[in-house]
Amino acid sequence: MDKGSSTVCVLIVALCALVHFGMVFSTVTTGGIVTGKPGVCPRPRLNFGHCAEICSKDRDCPNNEKCCSNGCGHVCMTPLSAKPGVCPRWRLDFGHCAEICSKDRDCPNNEKCCSNGCGHECMAPVIGEI
Numbered sequence: 001m002d003k004g005s006s007t008v009c010v011l012i013v014a015l016c017a018l019v020h021f022g023m024v025f026s027t028v029t030t031g032g033i034v035t036g037k038p039g040v041c042p043r044p045r046l047n048f049g050h051c052a053e054i055c056s057k058d059r060d061c062p063n064n065e066k067c068c069s070n071g072c073g074h075v076c077m078t079p080l081s082a083k084p085g086v087c088p089r090w091r092l093d094f095g096h097c098a099e100i101c102s103k104d105r106d107c108p109n110n111e112k113c114c115s116n117g118c119g120h121e122c123m124a125p126v127i128g129e130i
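In the numbering used here, the protein residues as written are 1 to 130.
By construction, these hints were calculated from the structure, which means they are not laboratory data. One thing to keep in mind: the hints can contain errors.
[Said to hold, decoys possible] The list that follows gives simulated cross-link-like pairs (lysine-lysine, DSSO-like), each with its CA atoms no further than 27 Å apart:
id: 1; residue 1: 83; residue 2: 37
id: 2; residue 1: 57; residue 2: 103
id: 3; residue 1: 37; residue 2: 103
id: 4; residue 1: 83; residue 2: 57
id: 5; residue 1: 83; residue 2: 103
id: 6; residue 1: 37; residue 2: 57
Take these sequences, add in the hints, and give me the full structure.
Take a look at the structure:
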């Protein structure tokens with residue numbers, strides 16, 4: 001491998017590491033939740049929507065709309081109200097490595113679906129300042 005190819009390889013590895021650790025840092029600082037616009041997407045209907053990718057992230061949508069699955073593609077939709085509060089910060093020890101929930105709507109009462117360090121489970125939210 002010549003010197004130019006080695007330099008390109010090193011730059012690619014450095015860029016990949018920067019992107020990876022940037023994502024890890026943003027996930028850790030938000031308590032394991034990657035933030036977007038408030039609210040939750042409605043459940044897709046049983047009949048499939050248009051199979052088009054109109055959006056890929058909430059920021060692709062106008063006003064308060066979120067980028068949601070319609071059962072086949074992703075479109076901007078008016079969100080359902082989010083449950084109040086935020087997930088508690090997880091301790092350094094890991095919880096059960098099981099996905100008990102995936103969205104707040106999977107949890108009873110006011111509980112939220114939160115990361116436990118390995119999986120997700122329903123937890124009582126923290127209300128107010130953190």
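Results for each hint:
1. A threshold of 27 Å between alpha carbons decides the hint, and for residue 83 with residue 37 the separation of about 13 Å falls inside it, so the pair holds.
2. Restraint check for residue 57 and residue 103: the C-alpha separation of about 17 Å stays at or below 27 Å, so the hint holds.
3. Restraint check: the Cα-Cα separation between residue 37 and residue 103 comes to about 14 Å, which is no more than 27 Å; the hinted pair holds.
4. Distance restraint check for residue 83 and residue 57: the Cα-Cα separation of roughly 21 Å lies within the 27 Å cut-off, and the hinted pair is therefore satisfied.
5. Proposed proximity of residue 83 and residue 103 is supported: the alpha carbons are some 10 Å apart, at most 27 Å.
6. About 10 Å separates the Cα atoms of residue 37 and residue 57, which keeps this hinted pair within 27 Å; it holds.
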